[in-house]
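J.: Taken in sequence, the protein lines are chains A and B. Under this note's numbering, the first residue of the first sequence carries the number 8, and numbering increases by one thereafter. Under this note's numbering, the first residue of the second sequence carries the number 6, and numbering increases by one thereafter.
Hint data in this document are derived by calculation from the structure and do not stem from the laboratory. Please note: incorrect hints may appear among the correct ones.
Stated by the list, open to error - Straight-line Cα separation of at most 30 angstroms, BS3-like style, residue types lysine-lysine; simulated pairs:
#1 Lys386(A) with Lys352(A)
#2 Lys386(A) with Lys309(A)
#3 Lys101(A) with Lys310(B)
#4 Lys264(A) with Lys310(B)
#5 Lys173(B) with Lys165(A)
#6 Lys310(B) with Lys240(A)
#7 Lys107(A) with Lys310(B)
#8 Lys310(B) with Lys106(A)
#9 Lys106(A) with Lys211(A)
#10 Lys444(A) with Lys469(A)
#11 Lys334(B) with Lys547(A)
#12 Lys444(A) with Lys459(A)
#13 Lys118(A) with Lys310(B)
#14 Lys337(B) with Lys547(A)
#15 Lys547(A) with Lys173(B)
#16 Lys352(A) with Lys469(A)
#17 Lys211(A) with Lys310(B)
#18 Lys174(B) with Lys547(A)
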Amino acid sequence: MSNTKSNPPAPERERPDERDRENARELGAAGSQLSTAPIEESAAGLPAMGVIGWARWFWRQLTSMRVALILLFLLSLGAIPGSLIPQNSVDELKVETFKKAHTTVSPIYEKLQFFDVYSSVWFSAIYILLFISLIGCIVPRTGQFIGQLRSRPPGAPKRLTRLPAYTTWRTEAEPEQVREAALAMMRKRRYRAHTVGDAVAAEKGYLREAGNLVFHVALIVMLVAFAFGQLFKSEGGKLIVEGDGFSNTLTQYDDFKSGSLFDADSLAPFSFTLDKFTGTYERSGPQIGTPRTYEAHVTYEKGAYGKPQKTVIRVNEPLVVDGTKVYLNAHGYAPVVSVKDGKGKEVYRNAVPLLPIDNNVTSTGAIKVFDGYRDKNGKKTQLGFQAFFVPTFAGSGKGTMFSQFPAPDMPVLALNGFHGYLGPDSGLAQNVYQLDKTKMTEFKDADGKQLKQRLLVGETMKLPDGAGSITFEGIQEWASFQISEQPASGWALTGAVAAIAGLAGSLFIQRRRVWVRVTPGADGVTVVEMAGLGRSESAKLPEELADLAVTLIASAPTAPETDTAPGTDTEPGSSPEPDSDSVEESSEEPAEGAEK
Amino acid sequence: MNLAAATNENLAHTSNVLIYSSMAVYTLAFFAHIAEWVFGSRSKVGRTAAALTGAGAEGAGAGGSVKVQVAQKGGGTAVLDRPKVVTRSAAGTRDVPDGPGAAGGTFKGDLYGRMAVSMTVLAFLVQAGGVIARALSVQRAPWGNMYEFSITFSTVAVGAYLTLLALKKNVRWMGLLLVTTVLLDLGIATTWLYTDSDQLVPALHSYWLWIHVSTAILCGAVFYLGAVATLLYLFRDSYENKLASGGQPGSFAQSVLSRLPAAASLDKFSYRINAAVFPLWTFTIIAGAIWAGDAWGRYWGWDPKEVWSFITWVAYACYLHARATAGWKGRKAAYLALIAFGCWLFNYYGVNIFVTGKHSYAGV
Ligand code: HEM
Numbered sequence: 008m009s010n011t012k013s014n015p016p017a018p019e020r021e022r023p024d025e026r027d028r029e030n031a032r033e034l035g036a037a038g039s040q041l042s043t044a045p046i047e048e049s050a051a052g053l054p055a056m057g058v059i060g061w062a063r064w065f066w067r068q069l070t071s072m073r074v075a076l077i078l079l080f081l082l083s084l085g086a087i088p089g090s091l092i093p094q095n096s097v098d099e100l101k102v103e104t105f106k107k108a109h110t111t112v113s114p115i116y117e118k119l120q121f122f123d124v125y126s127s128v129w130f131s132a133i134y135i136l137l138f139i140s141l142i143g144c145i146v147p148r149t150g151q152f153i154g155q156l157r158s159r160p161p162g163a164p165k166r167l168t169r170l171p172a173y174t175t176w177r178t179e180a181e182p183e184q185v186r187e188a189a190l191a192m193m194r195k196r197r198y199r200a201h202t203v204g205d206a207v208a209a210e211k212g213y214l215r216e217a218g219n220l221v222f223h224v225a226l227i228v229m230l231v232a233f234a235f236g237q238l239f240k241s242e243g244g245k246l247i248v249e250g251d252g253f254s255n256t257l258t259q260y261d262d263f264k265s266g267s268l269f270d271a272d273s274l275a276p277f278s279f280t281l282d283k284f285t286g287t288y289e290r291s292g293p294q295i296g297t298p299r300t301y302e303a304h305v306t307y308e309k310g311a312y313g314k315p316q317k318t319v320i321r322v323n324e325p326l327v328v329d330g331t332k333v334y335l336n337a338h339g340y341a342p343v344v345s346v347k348d349g350k351g352k353e354v355y356r357n358a359v360p361l362l363p364i365d366n367n368v369t370s371t372g373a374i375k376v377f378d379g380y381r382d383k384n385g386k387k388t389q390l391g392f393q394a395f396f397v398p399t400f401a402g403s404g405k406g407t408m409f410s411q412f413p414a415p416d417m418p419v420l421a422l423n424g425f426h427g428y429l430g431p432d433s434g435l436a437q438n439v440y441q442l443d444k445t446k447m448t449e450f451k452d453a454d455g456k457q458l459k460q461r462l463l464v465g466e467t468m469k470l471p472d473g474a475g476s477i478t479f480e481g482i483q484e485w486a487s488f489q490i491s492e493q494p495a496s497g498w499a500l501t502g503a504v505a506a507i508a509g510l511a512g513s514l515f516i517q518r519r520r521v522w523v524r525v526t527p528g529a530d531g532v533t534v535v536e537m538a539g540l541g542r543s544e545s546a547k548l549p550e551e552l553a554d555l556a557v558t559l560i561a562s563a564p565t566a567p568e569t570d571t572a573p574g575t576d577t578e579p580g581s582s583p584e585p586d587s588d589s590v591e592e593s594s595e596e597p598a599e600g601a602e603k
Numbered sequence: 006m007n008l009a010a011a012t013n014e015n016l017a018h019t020s021n022v023l024i025y026s027s028m029a030v031y032t033l034a035f036f037a038h039i040a041e042w043v044f045g046s047r048s049k050v051g052r053t054a055a056a057l058t059g060a061g062a063e064g065a066g067a068g069g070s071v072k073v074q075v076a077q078k079g080g081g082t083a084v085l086d087r088p089k090v091v092t093r094s095a096a097g098t099r100d101v102p103d104g105p106g107a108a109g110g111t112f113k114g115d116l117y118g119r120m121a122v123s124m125t126v127l128a129f130l131v132q133a134g135g136v137i138a139r140a141l142s143v144q145r146a147p148w149g150n151m152y153e154f155s156i157t158f159s160t161v162a163v164g165a166y167l168t169l170l171a172l173k174k175n176v177r178w179m180g181l182l183l184v185t186t187v188l189l190d191l192g193i194a195t196t197w198l199y200t201d202s203d204q205l206v207p208a209l210h211s212y213w214l215w216i217h218v219s220t221a222i223l224c225g226a227v228f229y230l231g232a233v234a235t236l237l238y239l240f241r242d243s244y245e246n247k248l249a250s251g252g253q254p255g256s257f258a259q260s261v262l263s264r265l266p267a268a269a270s271l272d273k274f275s276y277r278i279n280a281a282v283f284p285l286w287t288f289t290i291i292a293g294a295i296w297a298g299d300a301w302g303r304y305w306g307w308d309p310k311e312v313w314s315f316i317t318w319v320a321y322a323c324y325l326h327a328r329a330t331a332g333w334k335g336r337k338a339a340y341l342a343l344i345a346f347g348c349w350l351f352n353y354y355g356v357n358i359f360v361t362g363k364h365s366y367a368g369v
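This is chain B alone, in the form it adopts within the complex:
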């Protein structure tokens, strides 16, 4: 073994240590989030209920949820000479305030929440270090096999989440779910998918690897955030429906769901995310086709990976169409979004494991 190989071996080792350390820190973040949810429970419970049923309490006049013509203060009215802009939701959407977040407006909950976020930032940095060390050790992009793909994937997902936080978007509510799944992803990656660091077979030597796979990972990571929001939208929507029709949700639902943003906000958030990534996903597939044209002599050959990228793409196109078609807004469109993400997941795990095609390289 020559000297260069030895440094590579060291780097690979460093990478593994960093990945395990990040898992430890993510675990701390996980517990901090749990504490946030637990200590935040004595919150302004019933805000949502009040918004939905309170109107009803004033007599059936304003009744139901949907016809209430509430207007809210527009954003950014702090500047003195800026005129006040009154906004109205489109007819038909419920005017429900967003929940207060996991911390539930309590000081203690918020403190734990902040700790969780700081922990997540730290874990993210450690994990990113692990990915970079891995890349250095193999002297190429860190996505030549499923292990590398997985660790990069969750790093990017957390990165996207932290970016949204930094942009002051209201996304802290997804922290617990995200950290949990990141732990799961890393657990699977280190136990089942681990592959020693090594170089690539010649077919993977191409700058299209950088372009195609990096955008694929980014798309998946952001689609994932969209899917989380969609899933929570479905829960929150049923919760609001139940409240609006005078039902009494269980105390767990009451406590957890009332703290989430309003269904309308979640729905809008997931739509924005998915719509923003769809063009990038389109680009990813096209970049893949160009690469396939260079590597295999045909730009499209219905290889399983290609087929599932296509299916995923069509499924997201379905979702976007559904949103644009009146009768399909809301829950139906949300189901489509989840199916579409399911297709992406299957393309990522399922196709590599269950189906053989040209895309199987380097171990798994």
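Chain A extracted, bound-state conformation:
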């Protein structure tokens, strides 16, 4: 900073947008349309009177980058409560527990829809506004971009020295020749280039903008696909004991949920049978008992009369039939029991699925004999047993027994029995894993205490007074499956892939312009000036400009030096321009050491 400058003292810190605007003014048309980013109006003036004026104002606000930013911020803030408070959509049971434990805040949370954050009115409002804003932003930007593709790069600004990267040299080649060489070179490097006046204008990196537009459009595609999937999805659970089967109709599900626009007729027709389930577990070490593999061997048929095919369903490997996926969800044991009546006639034989209550598959459930049993007097009645099962018995002890290991190493079934009326067999949903004892009477042992017994496989518990017996015959395993269909997930995936590709283009490609001005100098020697402008300051731009210059010098070799300072004589009448000091001071330390 050696020469005296006419600049007035600058204020301490200028507002950045003012600086940008000043910069833009200096560059004129050359810097315009280097992107399609909307120009921010920092002071949004009061809207014109009238409804239309307000609507316009509102729309402009909504589609401004600033509001997009605020909405994005709100979206991330709004997502937080849903991660800290139990959600109905994830685990209804947990929500119930939470409500019982926090009676004061729960009503408030309920009002604020904090148990259903992601389908709440306010969360939806944020993302719908964001996406309206996005569409309102994308459409005009796409139009602008197409316009830019149709038009040609703007002509060179008056003073190339003002651009972020600049170089110049003098040559004895004819200006016309140099321009032609420059044009050819630019085109060869796949710049869009043309000659305007005394300069060649070239631009490259349009893919940046295209990528950015693709990314934002892909976001919309993903959202629409996600919403569509939510509306049309279906999801149900089914528990199957080894040897049993399932066919995909509504009535066969244990439980079923679907989106609001789902149509039951659209269930994919297929069926499958669970042939065998195998589970293996860690046998030693601190994580003993942790499951290692779960495999469900099934035979499935596509359509009504499909050919049976065998396959294995694992935790991460669902069976996919016509877009419907069958996931392995959980597993447990189903002890096989048989019941004889007083006359010794077998009236019941079934594998009864029990529900695991801990990681070692300690399980509970109920055995219900609805029909066929007659007591010792020949009277028809019903039997019920509470069943408690451990796959690996942990040794005897008082009270409840617990399993020591999840594999059936030493299975024990504990039973106690009741007789009477079990309640309706069907109709009113009956919990198959629980006994309704209101109309049942306990079997008692000789001491008048509740009759209960622990059985090993093959053992039998006699019911008192010749009421018959129940035998633990063996064990089968059951597996539960989640059968779900989520349409449009292909679209979501396509959107996701497009988003990544677009993003990469948008962030890694630099859009830049290069101008080559060739003018006859005062002394008859041709002056070549080259300058580059990128959308953001880039370390690569000067490099690229240097490369281009090196190439061009081949067709416009440098003329022998005279003592005229290069660069200053290109603009007649502007000689004491402070710009010239940019060249003089180029010996200063580079400020961009980080990019060396």
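Following the hints, complete the assembly by docking chain B with the ligand onto the known chain A.
T.: Just chain B with the ligand now, with coordinates in the frame of chain A:
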């Protein structure tokens, strides 16, 4: 116990020994860095001050920091027939030279700095060995629980830092901070998060584990470098502001901050890092969704881990938008970047510890 289990046990033990050894070497690197900063202090102090206020000394004409139209020599002008390219910073950015680095241009400081870097390389190799031994002992990718995740995370962070160094990027200034946090991370991992080596529950058996978790770790590690740069940017920026407005920073700030790269360089560095990783982070989330689709029957279910990945993603998108919007450049955008990294950290530690969800496996 069979033979294979015994070798695994040995490998797990080896891994632990290697991790502890790497901590020892990192500690040496830490002290070497401290020495670098201490012995580098008699440096060309005031370079920054000169750049900022020196112009002012020549009269108010060139005054202020922002309107000075300095031009610098472009990079790569060493080749003889390469023309000299003159570069100008965009209007509005301060033209301040980068600080000389921790060594402060002194020979002794530089020597210690080089020792610190060599030590870091050694520690990195030992630590990487520890991670690999761990992977071999469990016969799977070494990121099935938080202990493994932590040791892998800091290995990758140091790896990324060393890669940048090898690419001749100006990043040595972050060495001390990085080594300190790596020590912290390893300390937490070995004392609180340690889990014996073991295999995975079935839900984690998937090649998506490799893809999803490895990119997640890489993203986190590199985001971390970005966050360090952002933090230092904020300090350095206030320092430059103070100088520019004629203030006198404290001697500690003077000594430490004057050696850092210019605020503009730090800002640009952290932007590049964050922008480069953002697409990868996007990919990580999508890979996770695909895996969740296979494992749990839905690709997106607002599980806490999913929610926080999403929040992190949106926060970084906020940051990128802020950078592209005129009024938000600089400090405001930097705060957003820090918040975004905070979200990533919470997703990594907070969600595993405070929130239960489908992502809790294998101990912690
Ligand atoms: C779902 C929400 C959105 C996300 C995740 C998102 C993400 C992004 C990302 C990552 C970039 C790249 C930034 C860069 O080039 O450095 C970007 C750029 C951009 N976004 Fe968005 N965006 C979203 C919504 C919007 C909306 C609603 C608008 C319009 C008001 C918008 C307008 C823009 C513009 C104009 C750019 C280009 C800036 C430039 O050229 O540097 N975006 N967006």
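J.: Has the given pair, Lys264(A) with Lys310(B), been kept, meaning a C-alpha gap of at most 30 angstroms?
T.: Distance of about 24 angstroms is within 30 angstroms: holds.
J.: Tell me if the straight-line CA distance from Lys211(A) to Lys310(B) falls inside 30 angstroms.
T.: Since the Cα atoms of Lys211(A) and Lys310(B) sit roughly 41 angstroms apart, the hinted pair is violated (cutoff 30 angstroms).
J.: Does the alpha-carbon distance linking Lys174(B) and Lys547(A) stay inside the 30 angstroms limit?
T.: Holds, because 14 angstroms separates the two Cα atoms, which is no more than 30 angstroms.
J.: Does the alpha-carbon distance linking Lys547(A) and Lys173(B) stay inside the 30 angstroms limit?
T.: holds (15 angstroms)
J.: Measure nothing beyond the straight line between the CA atoms of Lys118(A) and Lys310(B); if it is 30 angstroms or shorter, mark the hint as holding.
T.: holds (25 angstroms)
J.: Is the straight-line distance between the alpha-carbon of Lys106(A) and that of Lys211(A) 30 angstroms or less?
T.: The given pair, whose Cα atoms are some 60 angstroms apart, is violated under the 30 angstroms limit.
J.: Could you grab the alpha-carbon distance between Lys386(A) and Lys352(A) and see if it respects the 30 angstroms cut-off?
T.: holds (14 angstroms)
J.: Is the Cα-Cα distance between Lys310(B) and Lys240(A) 30 angstroms or less?
T.: holds (23 angstroms)
J.: Check the hint pairing Lys107(A) with Lys310(B) against an upper bound of 30 angstroms on the C-alpha distance.
T.: holds (25 angstroms)
J.: Regarding the pair Lys386(A) and Lys309(A), is the alpha-carbon distance no greater than 30 angstroms?
T.: Violated - the C-alpha atoms of Lys309(A) and Lys386(A) are around 47 angstroms apart, more than 30 angstroms.
J.: Is the straight-line distance between the alpha-carbon of Lys310(B) and that of Lys106(A) 30 angstroms or less?
T.: holds (23 angstroms)
J.: For the pair supplied as a hint, Lys352(A) and Lys469(A), confirm whether the alpha-carbon distance does not exceed 30 angstroms.
T.: holds (14 angstroms)
Hints 2, 5, 9 and 17, counting from the list given before, are not met by this structure.
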